[in-house]
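Hey, can you work out the whole structure from these sequences and the hints?
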Amino acid sequence: MAKDFRARVFVGATTVFVVGSLLGAPGAAADDSVCTSVGQYCGFYSPSRNISCEINTGGRVGEDGVYCQTDNPPQSVTLNNDGTFKSCTGVSCLGNAAQGIPTLAYGKTMALGQFKCLSEESGVSCTAAGARGFTISRSGIGTAG
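FYI, the numbering for the sequence shown is -30 to -1, 1 to 115, going by mature numbering (1 follows the signal peptide of the UniProt record, and there is no 0).
Hints listed in this document are in silico derivations from the structure and should not be mistaken for laboratory results.
Not one of these hints is a red herring.
Simulated restraints, written as ranges between beta carbons of each label pair:
id : residue 1 : residue 2 : range
1  : Tyr76     : Asn42     : 17 to 23 Å
2  : Gly110    : Asn66     : 19 to 25 Å
3  : Ser18     : Gly70     : 17 to 23 Å
4  : Ser57     : Ser18     : 16 to 22 Å
5  : Thr113    : Gly70     : 28 to 34 Å
For every residue, glycine included, the Cβ atom is placed at its ideal position computed from N, Cα and C.
What follows is the structure, given as C-alpha cells:
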C-alpha cells in the first residue's frame, strides 16, 4: 500500500493535513524550474488558486507521487509512479497547500522526475512517465493519457 505523503496532525476530533508548510518547500518557476532532479519537492497553484498541487520525488516525504486538490468542490487526487491514481471527495480529503509556492500559468508545465503537470484554463493534468495520469478541475477528477 502506498504511503500518503501528506503529514497528518491530530487536534482533538479535528484532523488537520499539513501538506508542505512543514517541508520548507522551495519556490520554483514553471517550465525552467529548479524542480528538474530526483530527490526534490515542488508545488504550485493554478492561476485561479482553486487547484494546488505538489510533486515529490526521491522519497523526501514518502513515496514518489503527485498530490493535487481543489477547494471548490472539495476533492483531492494522488498519482503513483505507474500512472494509477486515487481520488477522494469531501472536506476530509483536503490538506493545507504549501506556503510560498508559485502560480503555474495556463499553458505551462512543471516537471520533476518522471512526473509532469500541465496547467490549463480547464484544470490541471498530471502524468507519470509521460503516459497515464489524472485531470482535476471544478468539474471533477478524470483520467489523462
